[in-house]
Amino acid sequence: GQQLNQSPQSMFIQEGEDVSMNCTSSSIFNTWLWYKQDPGEGPVLLIALYKAGELTSNGRLTAQFGITRKDSFLNISASIPSDVGIYFCAGRVQGAQKLVFGQGTRLTINP
Amino acid sequence: NAGVTQTPKFRVLKTGQSMTLLCAQDMNHEYMYWYRQDPGMGLRLIHYSVGEGTTAKGEVPDGYNVSRLKKQNFLLGLESAAPSQTSVYFCASSSGTGGTVPYEQYFGPGTRLTVT
Chain A
3 GQQLNQSPQS
13 MFIQEGEDVS
23 MNCTSSSIFN
33 TWLWYKQDPG
43 EGPVLLIALY
53 KAGELTSNGR
63 LTAQFGITRK
73 DSFLNISASI
83 PSDVGIYFCA
93 GRVQGAQKLV
103 FGQGTRLTIN
113 P
Chain B
78 NAGVTQTPKF
88 RVLKTGQSMT
98 LLCAQDMNHE
108 YMYWYRQDPG
118 MGLRLIHYSV
128 GEGTTAKGEV
138 PDGYNVSRLK
148 KQNFLLGLES
158 AAPSQTSVYF
168 CASSSGTGGT
178 VPYEQYFGPG
188 TRLTVT
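The listed protein sequences derive, respectively, from chains A and B. With the first sequence counted from 1, adding 2 to any position gets you this note's numbering. With the second sequence counted from 1, adding 77 to any position gets you this note's numbering.
For the record, the hints were derived by calculation from the structure and aren't laboratory data. For clarity, every value in this text was computed on a predicted model and none was experimentally measured. Some hints could be false.
What the hints assert, rightly or not - Far from chain A, by Cβ distances over 12 Å, these chain B residues were calculated:
| hint | residue |
| --- | --- |
| 1 | Lys91 |
| 2 | Leu120 |
| 3 | Pro179 |
What the hints assert, rightly or not - Quick list of in silico lysine to aspartate or glutamate cross-link-like pairs, EDC-like style, CA-CA up to 16 Å:
| hint | chain 1 | residue 1 | chain 2 | residue 2 |
| --- | --- | --- | --- | --- |
| 4 | B | Lys148 | B | Glu129 |
| 5 | B | Lys86 | A | Glu43 |
| 6 | B | Lys147 | B | Glu107 |
| 7 | A | Lys100 | B | Glu107 |
| 8 | B | Lys148 | B | Glu107 |
| 9 | B | Lys148 | B | Asp103 |
| 10 | A | Lys100 | B | Glu136 |
What the hints assert, rightly or not - Quick look at which bits of chain B chain A covers, simulated, 3 or more residues with Cβ under 8 Å:
| hint | stretch |
| --- | --- |
| 11 | 122 to 133 |
| 12 | 183 to 191 |
Glycine included, every Cβ here is placed at the ideal spot set by N, Cα and C.
Kindly generate the complete structure, drawing on both the sequences and the hints.
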């Protein structure tokens, strides 16, 4: 089945730094989604992407749907302590009724 | 509008016991999903449903059963719990092909299950 490779697995940064993470797939995806999970909570949808090349922002977060349709990127600018958590990418291939999730990127911020 | 709710929040079972986890959504979504999350494993799909009365197997269905008798509810059953089923279980829903954003999944808060 489809697999998503999400990197990096973890990040340790200073408050105020910018963050970049990405997901790559061996399959072509029609949809890319980015979620954030706080400790003890369920994942929350941050950004949804539906077209190759699409660039979408949500506050300090910006995500892009790769031109090849096999990857996606999430950037966080000027990180703050509440950005701490696990970020998941998820993708959907044409015709599928379910998503494939990446393994997650754990973000830790030093104040 | 509560979104997706899960009952119970925590549960401890002994090996061999059975239990049912309840997921409810008030968004009139067609699709519902059950995932388990283990450390370092991300989210793995157990079973899903694309409409009332339908169910389908996901990535890790063994040891679980599901039912979708009502559109708003999706039940996950463990007939004979095993320690390997210790995990955090998440339910999610999406509007399905009849909606404008059919595949955006919205998650519940999770159920933390320990099997001893």
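Status of each hint after checking the structure:
For Lys91 of chain B, the shortest C-beta to C-beta distance to chain A comes to about 24 Å, beyond the 12 Å cut-off, and the non-interface label holds. Distance check on Leu120 of chain B: its Cβ comes as close as 4 Å (rounded) to a Cβ of chain A, failing to clear the 12 Å threshold; non-interface status is violated. Chain A draws Pro179 of chain B into its interface by the beta-carbon criterion, the shortest separation being 9 Å against a cut-off of 12 Å. In summary, the hint linking Lys148 of chain B to Glu129 of chain B is supported, as the alpha carbons are separated by about 5 Å, within the 16 Å threshold.
Under the criterion of a C-alpha separation no larger than 16 Å, the hint pairing Lys86 of chain B with Glu43 of chain A is consistent with the structure, at around 11 Å. With a C-alpha separation of about 10 Å, the suggested pairing of Lys147 of chain B with Glu107 of chain B holds against the 16 Å cut-off. Between the alpha carbons of Lys100 of chain A and Glu107 of chain B the distance comes to roughly 12 Å, so the proposed pair stays at or under 16 Å and holds. In summary, the hint linking Lys148 of chain B to Glu107 of chain B is supported, as the alpha carbons are separated by about 7 Å, within the 16 Å threshold.
Taking the CA atoms of Lys148 of chain B and Asp103 of chain B, the gap is about 10 Å. The hint holds against a cut of 16 Å. For the given pair, Lys100 of chain A sits about 11 Å from Glu136 of chain B by alpha-carbon distance, which is consistent with the 16 Å threshold. Figure legend: the stretch 122 to 133 of chain B, annotated as covered by chain A; annotation consistent (4 residues with Cβ-Cβ distances under 8 Å, at least 3 required). Evaluation of the coverage hint for the stretch 183 to 191 of chain B: fulfilled, as 5 residues show C-beta separations to chain A shorter than 8 Å, against a requirement of three.
Checked against the numbered hints above, the structure breaks hints 2 and 3 and satisfies the rest.
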